[in-house]
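Asks: Residue strings, one per chain:
Protein chains: 2
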Amino acid sequence: MAAAAAPMRVPGMLDANLRVRGRVPYAMDLNVVGMLHAKLLRSPYAHARIVSVDASRARALSGVRAVLTGADLAERDDIYPYYGPIFRDQAALAMDKVRFAGDPVAAVAADDADIAQAALELIDVEYEELPAVFDVDAALAAGAPIVHDEPPRLGQTFADIIVRAEADTNICNHFKLRKGDVERAFAEADHVFENEFTSPPVQHVPMETHNCVAWIDAGIINVTTATQMPFAVRASLAEIFRVSQAKVRITTPTLGGGYGAKTYTKVEPIAALLAQAAGRPVRIHLTREEEFVTITKHGVKIRMKTGVTNDARIVARQSTCWFNTGAYADIGPRLIKNGGYATGGPHDIPNVWVDSYAVYTNLPPAGAFRGYGVSQAAWAYETQMDMIAAQLGWDPLEFRMKNLLEDGQAVMTGEDMFDAHFKELLGSAAERIGWDSAEQPQRTGSKVRAKGLACIIKGTVTPSTSTAAAKLNEDGSLQILSSAVEMGQGAETALSVLAAEGLDLRLDQVSISRPDTDVTPYDQGTSSSRNTYSMGTAVRMAVGDIRTQLLELAAAELEASPDDLELVAGRVQPRGVPDKSIAYGDLVRGSRSGNLLANGVYASKGGLDPETGQGIGSVHWHQAAAAVEVEVDLDTGKIDLLKYHAGVYAGRIVNPVQAELQTEGNIAFGLGQALFEEMIFDGGQLQNGNLGDYMIASMEDMPKEISLGILEHIEANDIHGIGETSLPPAMPAIGNAVYRATGVRITDLPITPEKVLRGLRARAAQESAE
Amino acid sequence: MAAAAAPMRVPGMLDANLRVRGRVPYAMDLNVVGMLHAKLLRSPYAHARIVSVDASRARALSGVRAVLTGADLAERDDIYPYYGPIFRDQAALAMDKVRFAGDPVAAVAADDADIAQAALELIDVEYEELPAVFDVDAALAAGAPIVHDEPPRLGQTFADIIVRAEADTNICNHFKLRKGDVERAFAEADHVFENEFTSPPVQHVPMETHNCVAWIDAGIINVTTATQMPFAVRASLAEIFRVSQAKVRITTPTLGGGYGAKTYTKVEPIAALLAQAAGRPVRIHLTREEEFVTITKHGVKIRMKTGVTNDARIVARQSTCWFNTGAYADIGPRLIKNGGYATGGPHDIPNVWVDSYAVYTNLPPAGAFRGYGVSQAAWAYETQMDMIAAQLGWDPLEFRMKNLLEDGQAVMTGEDMFDAHFKELLGSAAERIGWDSAEQPQRTGSKVRAKGLACIIKGTVTPSTSTAAAKLNEDGSLQILSSAVEMGQGAETALSVLAAEGLDLRLDQVSISRPDTDVTPYDQGTSSSRNTYSMGTAVRMAVGDIRTQLLELAAAELEASPDDLELVAGRVQPRGVPDKSIAYGDLVRGSRSGNLLANGVYASKGGLDPETGQGIGSVHWHQAAAAVEVEVDLDTGKIDLLKYHAGVYAGRIVNPVQAELQTEGNIAFGLGQALFEEMIFDGGQLQNGNLGDYMIASMEDMPKEISLGILEHIEANDIHGIGETSLPPAMPAIGNAVYRATGVRITDLPITPEKVLRGLRARAAQESAE
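Order-wise, the sequence lines are chains A and B.
Numbering of the first sequence is given in the working numbering, commencing with residue 1 and proceeding in unit increments.
Numbering of the second sequence is given in the working numbering, commencing with residue 771 and proceeding in unit increments.
By construction, these hints were calculated from the structure, which means they are not laboratory data.
Predicted model, so just to flag it, every value in this text is computed and none were measured.
Ideal Cβ positions, reconstructed from N, Cα and C, are used throughout, including at glycine.
Keep in mind that a hint or two might mislead.
[Claimed, not checked] Derived DSBU-like pairs: lysine-lysine, alpha-carbon spacing no greater than 35 Å straight-line:
| hint | chain 1 | residue 1 | chain 2 | residue 2 |
| --- | --- | --- | --- | --- |
| 1 | A | K605 | B | K1350 |
| 2 | A | K402 | A | K643 |
| 3 | B | K1375 | A | K580 |
| 4 | B | K1413 | B | K1525 |
| 5 | A | K755 | A | K447 |
| 6 | B | K1217 | B | K1525 |
[Said to hold, decoys possible] Chain A is nowhere near these chain B residues, computed Cβ spacing over 10 Å in every case:
| hint | residue |
| --- | --- |
| 7 | G1027 |
| 8 | E1060 |
| 9 | G1314 |
| 10 | L1404 |
| 11 | K1525 |
Build out the structure end to end from the sequences listed, making use of the hints.
Replies: Dropping the structure here:
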């Protein structure tokens, strides 16, 4: 693949104008003729046996076209109504038991949503309540109620690194990392610190909740759905309906945000099953309240033990992570790997030991969430870094600088670090915030200011596969077939830029397809900040092939060597001789092939040994740092963010405006999770499952001053995803600043005013006792 | 490309069940939200200057959302509102002049079709009528009114063989064929015959009339249209809207018949222009009456001069063909080439001279029609063959047999014939019908029976380009990306068979895409009986590449040579060792590429020299024969078909049931055109433009006995299209039988009872005079 002479720059999203005018259609805007509307009846119990479901009154309601219960699914042998990317442990409708408050037990498709809703109230379900577990300690206690009576059915995906769950335990999966000899290293360390850190489950809150339309047409199961992973949904539906994947067609318009919530199968099976039952298209569109119990970020408890020497070198770290994966595994078994190894941090630590567990409980399922376990890990290790520094009187910046990875040093998963920029990122962040280790908190009245830092490493899904195709038309315009999902992050713009510059075309000469699993090539999913790099690489490979074909055609025409030719503005010419140039379209027509076709396949190596967690953890490593200045009101505990610097390594920046917007989005996500986001359960019942009671960051909460340091090294010719990278450092940077301002160390997110005040009172009590 | 062990056989169309139950959606079934309905105001005059159009009252009508007139288009420089595959001589709406009765002058988009229709009546158009020409003689007479004042704008397509029309003439185009020395050959011939033959314009009568829905969405011009040529429509709209082809998306569902009527651009421009004007989706769906004036078969007059020796060898043929192409060229300039060279017939004639003209008149445009000019040519030469035989007392069968082409003999366009089966086809047809040259007409009461024969050659569009892509999924199922148009002929079934057998898959493991110009690869169009061969070849190439990839993956896995492996039922195995087989899906997963991708490009050579008509006329030659027994009622002139044998060469038969149905369809088309189909004009006004007055064949008219001889030679590993091939011999075979029954030779189609009775009376008068 030949690099373009100079990177093309594009001002933001190509369709920004249409987006702000509401002219971009989402899945929910699709109106299929004859379409019905579906509603789900959900369990009020966190754990119960379904004794009986009587839907006869609902079926009799005028306007109701189909009603399905778990029993309807259980009795059929033409379907296999289970799904889940790792374990097939979730049924389209609960059949024997419900496992969380919100688990769907029946579904209705009706002429409109009101009728469907009314029908739900006519379904009589008899439950026998069972003892339940909600936190990982209870779930792992001896004699705990077991969420899944038998080991869940194993799927194929990622089977290499998954340990099969055993019966009679709530451990869904266990990831192990064994590097060096932690026991000896702890024994030899000058200081050993052991602390516990927790993060709560939180919500993704995409503006668009889960929704899809399913219809079965000429034997083909069609679903237009707001998913980040059309091919995973296709595989799932093919399995459920016991048909070949060629008979399932998933199409995906632009998404109204994803953030991991829309990875893997969610509402598609029940919509398709209802469409089949009703013989009509069926839409399902979750309410915000339903969205809250559909998928969450993992709540987690991490016990972290770190050994350091007197000269501030980290020599060993041992972590035990208990991820609360809720009632169904979703991608939990894989996420605990990333979250587990991430506890090794961006540090050159010779001895690392990790046990990371996914634990079933009777909470809503937890899955992928922007940051993918790394936020939880970074909260632990970057908080502990400051705790150690404070304890030993070290400058937190210097302590980090001494240990941050450099090229050639081994990361926690064993491979050599390359293209490392941690020190540059953290150093720059510290400078931008005016970091001075000698600086004391500045107090004005009840308000006190201080600064905090954090620096993180994040892997991207590995191995990683994206494939693409390119089609050069007879007028020289270019069409890219890609299954990348546009979800507001600018995927299509980025791919347009990469495609256009590969052939020196204008952006209006390029189109990027939307995912349509019938025709667009496989992509594993738009997640893990992988798209611009992985799909971008596949697109560049396909376009590079087209470029080669053009050069060969022109070489034959011009009786020249391809090496002596260049591509300039849609034409091929002998270098520097525009008079002899030939338009691409003329070359295509001359080839008599109607179009030039090419494919690009990006398939990385990678994967970890299941016994040691060593191998290739990430195709490359995402790197970020944050520096923040907070102001804490000692009377109220309220925390304001005065200054915030986000530093992230981009390799090459494909779209500067989007790179900045993505990073600002991470700040908003980060401060929300740092300061107030938390799903609160009481006996498995969500107490704040709506956007009135559940707080996300508003513009009001944003830092007064934001500076962005999106680090670019074009010469590396590598693109690093930045969709999530600057999120994980936000929470510990804020926590560290709050500690420096108040002396209150909070290890359980979020850092609420109540906790700050409690901490201040405890400190005061301790000081007065001393 | 590896041939499958044994051809797969499939019972008819895969979706036949859905089709007969009305479950297959057509373009007209698409309902886009907010869609408007369009109607066209058409000229009542055959030729007139548009003095003024006042649409103000129409625009004011409630429910009217957009009104366009020619003036609205003429004043814009952001569009180029002309189209036409060869000459851009047709405007979306007439601007300066109307050129046939039915030429659209204004268009309305409204909330429903009734409102749009009502609005048409509120548009006031002032015309200044002009003298007009309706037949080729009048059009070519000195001082004739000129249909196009200036030479039409030349397009790019097929530009190599098109002679630019001159001003001040109604000759739209002129094709020349010059082979050998006809002058000398006529001089040396023992007998020279010269006759004139005519065919009238007729209708295609697809059950589905022209229709489309257009909408402009995020800057993309989308049209879902019932077309046989999505890519030609795309090119046309890109030109009209002055955008790159990447910004126009044409999608095509199954068609309700095409027969050539749906080749090239028709209703799409005005629908898209209305959609743009209204800012809403717009459907246009022609009534049957509008369909009659949208596109027709070419009426033609052919003067044919043939020289023969006493031993029944044809030594020279000279033809002059005047094709009445109507008011706009459409594909006329190319059709006259095929119709012109086809007058050379399936005979080994050393000296051939053809002048073939497309002539503009003030009739509705003529274009592609099943048989593509060859029906008109065959009507001439196969009628003349019998006239010569009758005159010289030869057996028409023997006369033909003596002259039919064999392998290695030069066809009229100069290249060597190969894979010739004319003699086999005709011999078999004669045998099946019980041909006996000594047999006399059998009379019973007023009814008399006799038999007739014909044999034809037909070229397929050359050069010919189809491209396809294949995608093998991770469950081993296969998806084909093709722009082949399914129009009831079974394209998808045929391609499914070819794709499935290439990998030894079941048909339910294969999907064939519908055309979507954004993503499916280029195809020049589903026409010319080319799809199964051309697209089939492209598909087989793509699938062959997948096969190679599978063998290589398996070879690596099994540590074997690919040559020692075989594909059996979705698995690769060492030959004869199923125990070691690996499923395709496992090989795909092992490759980590998510899917295997491959492209297939079929691009034939070919083309004729514009001065001599010599070169490569057809990638291969389609061959057919017909034999018929008729019964003519001498009192009424009514003709019944008692027995009909259709013989056609198929190479390999991909789908036996469809092959038979296609051939039966040709019989229906052929007998209609032989016996009653004719568009009757009076002063340019169509007199029978509806299915009450215009007769097509009904089941009642079908031959009492049909026998089909679909000749297969699998070893040739070639597929010959049969969609049209058996149509051209129908008319002359019937005409020849009627002559043998009655002694009445009719040279102007159709062979109506009136003409038979007139002929009988003339013969009686002549006999009584003698």
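Asks: Tell me the numbers of any earlier hints that the structure contravenes, in ascending order.
Replies: none
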